[in-house]
Amino acid sequence: MHGSLVPMASTSSSASDAVKLHAQGICKFYDATAALNPIELKIFTGELLTLLGPSGSGKTTLLQLISGLVKPSSGRLIIDGRDQTDLEPYKRDIGVVFQNYSLFPHLTVQENIAFPLQMRGQSDRASATQVAGALDMVGLEKFGKRFPHELSGGQQQRVALARCLVYKPSLILMDESLSALDRKLREAMQVEIKRIHRETGSTIVFVTHDQEEALALSDRICLMNDGAIEQLGTPLELYDKPKSIFAATFIGTSNVISGEMVNATQIRSDISDGLIDIGGTPKNATPGRACSVAIRPEYVRIGDSGTGLLDGTIIEQIYAGSETRMMVELPHGSVFTVRVPGGAQRGRLGERVSLVWDSQHIRILES
Amino acid sequence: MKGKPSFRFGPIWLALPGVAFLLIFFLWPTLHILVSAIWGGDSGFSLKALLAVFTSPSYSRVMTTTFTVAIQVTALCVLISYPLAYWLSRHSARRQRLMMMLILLPFWTSALVKNFAWLVLFGRNSSFAQLIMSMGGAGDRLLFNKTVVLFGIVHTLVPLCVIAMMPTLNQVNKSLLSAATTLGASPTQAFWQIFLPLSMRGVATAGLMIFITSLGFFITPSLLGSPRETMVGQLIIEQINELQNLQQGSAFGVILLAGAIIAVVLFDRVFGLSGMAGGSGQSQPDSPVRRFGLWLAGRIGDIFDPVARSYRNTFRGLPGSRLLGLYSVLVIAILLVPVIAIIPMAFTSGSFLAFPPPGFSLRWFDTYFASPIWMAATARSFGIGVACAALTIVVAGTVAFAVVRSGSRLAGAIFIFFMSPMIVPHLVISIGLFYLFAQMSLIATDVGLVLGHSVIATPVVFIIVLSTLRGHDWRLDDAALTLGASPHKAFFRITLPLISGGIVGGLITAFLISFEELTIALFIGGGLITTLPKQLWSDIFLQITPTLAAASVVVLGVVTVLFLLMEVISYWRKPA
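Protein sequences, first through last, are from chains A and B.
Residue 196 in my numbering sits at position 196 of the first sequence, and the numbers go up by one each step.
For my numbering, count along the second sequence from 1 and bump the result up by 1000.
Next comes chain A alone, as it looks inside the complex (with noise of 0.2 Å):
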């Protein structure tokens, strides 16, 4: 629980340095219960910026917040420069694309396009070339006339998408937009929105639980956890410097190994019965203090028995075409996970092996 405590982190940005949206200390409360504790985020103008975390995290809370659908307890939302935290929904320049597409039953796909132009009082001809066009965008000319019940999920989620680009809104938040597709459409989907991003350029607030999928598509990534902001970061700052257990494990998979400081870069764990050298130094290096590492598992090598660094007995091992994944069991009962290219053999179930890594890739966590 970091409270209001996580410093405003701006590590990178990438479009430009704009800010698009500051959230400063925005907070909402059910009741007592806290779906977001109060967070600053600074959001820059044209990049792409994912809320990712798991159900409960406050994502969905905070991409409601900055639609105007909920109204924070306190703090202040700026958009353009402009204090909106009091604005109507229907009165910021904003576009989103729900996660059941929330498209309208009774219009058609041309009619539910042309909606949000006719609330900005457009004429109906002027809007017709403009659904048109953006039919056109997500590849929907010919269903125009159809209604939402008769298309996939898949060309719901574009007409949805087309709903929401057809105004050109300069900040587009995306609530879990990809989730009820299949695998396959959703990567079509991803590429899909990274083009439009690009040819748009307009900024992009994606909520997703999917690691993938934020790590795929985003500029920066914000990691929730608990209603605050765990890590804020590229996606390659987040996957390769996570800084807490939490931040190691949600994105992809982490060995992790706790312990206590023994010197200034070895900890004892009880995962060993000798010292792990931890390839640097953490911020307080007191002894006795506890410590966590986490090592990935493509960092892990696996030898023969009494030669490495740990030695365990191989408990399974999973086949997944482009990789192996080895479960390894220590001692003490944890087991680590060694990932090994395509489908090399390194083993077999019950084998004792040893395991060896480098200490450059262990990554020290804060908690």
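Just so you know, the hints here were simulated from the structure itself, not pulled from any lab data.
All values reported here derive from a predicted model rather than from experimental measurement.
Hints are supplied without guarantee of correctness; some may be wrong.
Facing chain A, according to a computed beta carbon distance under 7 Å, are these residues of chain B, among others [unchecked claim]:
hint, residue
1, R1097
2, M1099
3, L1476
4, A1479
5, A1485
6, S1486
7, P1497
Ideal Cβ placement from N, Cα and C applies to all residues, glycine included.
For chain A, the structure is supplied; the task is to place chain B on it using the hints.
Quick look at chain B alone, frame taken from chain A:
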């Protein structure tokens, strides 16, 4: 961290006018009855009237008859309806919808018309009655005994019973039965151990509604019964409308209300009222009722299992499911008999009502349309129906909106309050309103009738609109807001078109309830102004002519057209 304590005009305030309406025209008059029963006009406080219910031999006999009949009717309705409802629930949604029309038609046909048809069909010189007598040897006459009264009430209420059970039966996941058979249960055991316990709640809800409705039933015993089958509803009408003994009438009303409340309390103890809102209701894992119920269902399953097996081995040509189908078709056919039989009766060429009629003519329709009394009653019924529909949709609609859209804790209480007119017998509401309207000079006025009918229609329309609003995807309204629609544009462009099916359904339902309502009309009409059902009712006792059949057919026609319209609308509103 909470927001500043400031006054907000939240959606819950929308409920205010509707709540006020029911407070004035339902709760206050109903409570007033309780007081009137023990507070005579001249004598002050007195328990005489209440005690008379139990001490007077003639009264106490009527009370015994009433409660015996109500319990028997409830048991018979549930036993007859359950297999039919079970059979319906096993059909695809599409076919079930079509077959439900055959249940809805007798449901919407007024009790008065159906019982009037039976009166003629069972009459001494009807060949239908002679056919039955020759088959069953049921004595020399079918009418005016307890059996025919029971038959009449059960026949009237079975459609209601089926409709009340259907949602629960449809909710039971059919794959649970397949799961049970893969786990080693025979189909018979699977039914008794899985399906029946899961559908028990719907059965109990239906039973509760039937019991409360039949307590106040007076049409069937008046038309088909002899004085020995007099029920308390008839006594109330006599005390109030003929003897002007308000205290005694109220005393009977209090007993009716007490009976209904006891039934509700029993229901609550076993099933929990809170689940009536559509939730599953919490069941205590160790409650003795639950354990006994499961044990009983299991043992009955064990008993029926060999029976079913030997049946399957003996009657290979007629499998049990076919037998159930046969039974269901037969029940539906019997439900439709009076609805269909009334039509030829109206087109008779003879001077008396007879079935089958001696010849075809339109003379009785001519009589009906030429009669200023009938025409005035018909016009009044239409006008009151329309006004009642308009008033009820506003009252029930705003409150339903408030309940669905506000997170206020009051919403639950308002929900219960708006359902409560359902558990008060209509007769009790009628006497209560009779007192109230007497003070407000609303007796024998159209306004009085509209208000009275609206009270009765409110809970039903409330449920219809409420379930429509609960089924509505409110995220669409959020989507409209983010797309730039102001709240009121979003309401008219998105919300209203999508819930219009429920609104029209509510309007038609309110109109139909008003159009066929007799109890309120009997009291509030004050014998001076008369609606179509009231005119039918009085004429049945004055002189039975084929004009009555013609009037019944008009009622039936209006009802059928409107109920089919409602079905068509709800069909169109449901894209795949």
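How the hints compare with the structure:
no.: 1; hint: R1097; verdict: violated, 19 Å
no.: 2; hint: M1099; verdict: violated, 26 Å
no.: 3; hint: L1476; verdict: holds, 5 Å
no.: 4; hint: A1479; verdict: holds, 4 Å
no.: 5; hint: A1485; verdict: holds, 5 Å
no.: 6; hint: S1486; verdict: holds, 5 Å
no.: 7; hint: P1497; verdict: holds, 5 Å
The structure fails hints 1 and 2 (numbered hints given earlier, in ascending order).
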